[in-house]
Amino acid sequence: MRRSRVLMAGAATAALLFTAACSTDVPDAPAGGGETAAEAGEEASESGANSEWFVQADYDRQLAQRTAVPEGPAEQPWLQAIDPEYVDTAQYAKEGGKKLCFSNASVSNPWRVTGFITMQQQVEVLKTSGEISEFRVSDAADDDNKQISDIQAFVEAGDCDAIIISPSTTATLTPAVEAACESGKPVIVFDRGVNSDCMVTYIHPIGGYAYGADGAEFLVENLEPGSKVLALRILPGVDVLENRWAAADKIFSESDIEVVGQEFTGGDGAKIKDIVTQYLQRGDVDGIWMDAGDGAVAAVEAFEDAGKPYPVFMGEDELSFMRKWQETDMTALGAVYSNFQWRTPILAAQKIWNGEQVPAEWVLPQSPITGEDLDAYLEANKDMPSLHYAKFGGEDLPGYPEAWTNR
Amino acid sequence: MSASTPATSPSGTQAPTRGGFSRWVQRVTSGSTWTVYALLIVVFVAILVMNPSFGEPMSIMAFLKKAAPLIVLAIGQYFVIVSGEFDLSVGSLVGAQVVIAAKLIDGEESMTWPVIGLMVLFGLGVGLVNGLIVTLLKVPSFITTLGMMLVLYGAIRLWTGGAPTGSLTEGFRQWGRGGLPDTPGQFQVPYAVLITVVLGVVAVVVMRRPFGRTLVATGDNDVAAAFSGTAVWWVRTRAFLFSGFMATVAGILIGGYAGVTAQVGEGLEFMAITAVVLGGVVLGGGRGSVVAAMAGALTLDALFTLFNQLSLPSTIRPAVQGVIIIAAVAYAAMPRRSRTAPPGAPSSPTTPAGVPEPTVPKEPQPAAP
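Protein chains in written order, with full-length UniProt numbering: chain U, 1 to 407; chain E, 1 to 369.
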């Protein structure tokens with residue numbers, strides 16, 4: 001009896017550990033990035049950023065793109081492009097109602113949920129006009145293998161008039177995307193990239209280095225020399241998030257700011273609040289840098305509950321944070337990983353079917369929300385729920401605002 | 001049993017005199033409740049050495065407020081484990097409860113109490129389903145609650161479209177965030193701590209009543225318990241009901257503490273099981289005290305606080321939890337008597353909760369000369 005009990009406990013323990021391991025290594029990056037893992041692995045620079053994820057050339061390019069004037073209509077940033085090189089798409093021109101296929105990595109975080117709603121609303125417009133007859137979506141739930149078979153299913157079905165792919169990870173999905181290209185259908189990749197240029201267009205905002213640098217520069221400008229900054233990060237080893245930190249790390253190391261710690265939180269509010277509380281018990285923290293805004297409000301509350309003055313804060317354009325920011329009037333920045341990019345692939349497909357040129361690499365503008373813009377963005381989004389992203393770019397779609405408020 | 005038990009007679013020399021100290025050592029190393037209290041003190045002292053400001057009343061209260069949800073979960077998990085089962089669904093249930101609360105309340109203060117009532121019913125419902133499937137359909141609890149964990153995880157994502165929406169009200173959040181007196185930034189006794197103390201007292205009382213005795217007896221040997229007139233299915237189902245209720249309270253506390261995020265509740269079932277095991281409660285049931293399980297939760301949280309002080313990355317947590325589970329189970333399985341009893345002395349198996357172990361055959365005595 002006792003022996004069997006021990007065996008049972010042992011077996012249970014093994015199963016527990018196995019499941020525990022599985023539950024922690026899912027890369028649920030809240031946003032994508034324009035960089036690839038292979039790029040990041042090469043030529044690691046020693047210039048300040050002590051990270052193997054730092055690539056000086058990408059960093060320089062992205063920081064320059066922040067001030068570049070994009071081509072395209074200013075009131076429709078989802079159609080703008082920075083330094084575009086156009087490619088011909090005449091061979092894909094097609095009349096009548098078309099079938100559009102979309103392989104989605106997941107809708108596992110609020111940023112992706114918001115974007116996917118915008119995408120569906122854009123599809124509705126083209127369905128009404130008769131350009132899209134069917135919109136077929138596969139959700140891979142952050143599983144590379146599932147997404148590979150999703151893409152294969154689209155290719156084998158053979159009736160997709162265009163395939164949109166939002167890859168779950170870079171290297172693993174590359175062969176699947178190449179196979180889709182070889183099928184002869186136009187392929188559009190957006191958000192995270194792949195190690196290939198076979199697709200007609202690759203759509204993404206400026207990228208992770210720009211995102212991380214926006215916040216780090218803001219903290220350096222608004223803090224006294226010698227101030228202490230705590231960096232809160234989601235997960236290690238995800239390229240899109242590592243790039244954000246690599247840029248910030250470089251900027252902090254070249255300034256007089258002291259980084260008192262960088263902690264991985266999994267984006268869990270309870271963990272974030274606990275960690276910030278512990279740092280506050282050990283000494284003051286003057287600034288918070290976050291690689292994604294999930295749980296930013298919990299970090300702010302940790303200062304409130306400890307009776308400490310508000311820090312200079314880098315959050316995201318997520319509404320619960322922006323409302324907290326307005327309410328507390330703290331010095332903050334809402335970094336933006338342009339959520340409106342979810343509209344662009346649909347409009348790119350429309351252009352391709354019309355035989356119009358599209359940029360081979362379609363770099364969308366990406367600019368943070370500052371204290372001056374805050375009230376205007378909150379007023380524009382006053383009916384929107386928490387966990388909605390201010391720069392979602394769907395205000396002119398017919399489903400606005402119900403599609404986003406009743407999610 | 002005897003094959004794997006080397007005759008460790010030399011250990012008898014460790015306790016030449018049965019003095020107070022050696023008795024204390026025996027208690028602390030006995031793998032019983034005393035071990036976790038000793039560990040808790042060691043971890044606290046280590047934290048205080050690293051960071052004296054942790055000893056300030058405000059810091060202690062902040063720590064307890066943070067630890068409260070896990071302690072509550074550990075109470076619920078204790079009931080299930082001591083009855084001989086597992087509940088792996090509590091982490092998902094906590095997450096589901098917070099997401100349900102945020103979506104249904106959606107910032108409406110008047111909705112706070114109705115939704116809390118609904119959450120309690122939902123938690124009890126999940127516990128009831130778990131319990132009935134385990135006891136009446138005879139599905140092992142490991143499978144039942146693993147399935148429930150996935151069902152809840154998937155159903156919530158289906159319902160919300162992938163990520164949580166809505167927001168919680170101040171009235172809801174005060175239970176996990178606020179305290180008495182109601183002045184943030186000053187010393188206050190968190191409501192979460194008061195709730196945890198009340199639930200802890202209730203749990204201790206319940207365990208001293210006939211139900212508690214029956215629960216332990218069922219976990220120790222359900223056949224014997226059934227023969228002695230216990231309705232085993234109903235006893236175990238009630239344990240799952242307790243667990244579902246405690247997960248609901250933990251959900252209210254966590255939602256209050258940190259608000260709603262997509263990741264809330266992830267991995268909590270493993271934290272709770274680790275805490276209970278650390279408290280000396282034997283996986284498989286029949287032995288362990290609920291206070292020690294609560295101390296186990298407190299120790300686990302203190303341990304993670306210590307890791308943070310040591311600047312260890314938080315990604316090390318799962319690994320540490322794994323080591324703790326293995327070590328605690330292995331420790332509990334070690335033959336204890338031969339370490340402390342003098343050679344040839346009549347054996348009396350150490351049973352932490354004072355519950356006799358009728359099913360364990362007496363181990364062979366070390367060969368007395």
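Keep in mind the hints are simulated off the structure, nothing from the lab.
Glycine residues also receive a C-beta, built at the ideal position from the N, C-alpha and C atoms.
A portion of the hints provided could be inaccurate.
[Claimed, not checked] Have a look at the derived ranges for each label pair, beta carbon to beta carbon:
id, chain 1, residue 1, chain 2, residue 2, range
1, U, Glu71, E, Gly154, 40 to 46 Å
2, U, Asp383, E, Ala46, 47 to 53 Å
3, E, Val205, U, Gly226, 52 to 58 Å
4, E, Ala46, U, Gly226, 55 to 61 Å
5, E, Leu104, U, Thr172, 37 to 43 Å
[What the hints assert, rightly or not] Partner residues are not named here, just some residues of chain E that face chain U (Cβ under 10 Å, in silico):
id, residue
6, Gly20
7, Ser22
8, Gly107
9, Ser167
10, Gly171
11, Arg177
12, Pro181
13, Gly185
14, Gly265
15, Thr305
16, Asn308
17, Ser311
Report holds or violated for the interface hint on Gly20/E, using the least CB-CB distance to chain U and a cut-off of 10 Å. This hint is violated: Gly20/E lies away from chain U, its Cβ roughly 31 Å from the closest one there, beyond 10 Å.
Confirm or reject the claim that Asp383/U and Ala46/E have a C-beta distance inside 47 to 53 Å. Because 51 Å falls inside the window, the suggested range holds.
How about Gly185/E: closest beta carbon in chain U under 10 Å, or not? Hint holds; Gly185/E Cβ to chain U Cβ min 2 Å, cut 10 Å.
Regarding the hint that Arg177/E lies at the interface with chain U, is the smallest CB-CB distance below 10 Å? Since the shortest Cβ distance to chain U is 7 Å, the answer is holds.
When the least beta-carbon distance from Thr305/E to chain U is tested against 10 Å, hint result: At 6 Å from the nearest chain U Cβ, Thr305/E passes the 10 Å test, so the hint holds.
Mind checking the CB of Ser22/E against every CB in chain U and telling me if the closest is under 10 Å? Given a least distance of 26 Å, the restraint on Ser22/E is violated.
Mind checking the hinted window 37 to 43 Å against the Cβ distance between Leu104/E and Thr172/U? holds, 39 Å
Identify whether the interface hint at Asn308/E stands, where standing means a beta carbon of chain U within less than 10 Å of its own. holds, 5 Å
Are Glu71/U and Gly154/E spaced within 40 to 46 Å by their CB atoms? Once the Cβ atoms are compared, 44 Å apart, the range 40 to 46 Å for Gly154/E and Glu71/U holds.
Once the shortest beta carbon distance from Pro181/E to chain U is found, is it less than 10 Å? violated, 13 Å
Could you check if Gly107/E really has its C-beta closer than 10 Å to a C-beta on chain U? Holds: closest Cβ of chain U sits about 8 Å from Gly107/E, inside 10 Å.
Range hint 52 to 58 Å: satisfied by the CB atoms of Val205/E and Gly226/U? Holds - the Cβ-Cβ distance for Val205/E and Gly226/U, about 55 Å, lies within 52 to 58 Å.
Going through the hint list in order, the structure does not satisfy hints 4, 6, 7, 10 and 12.
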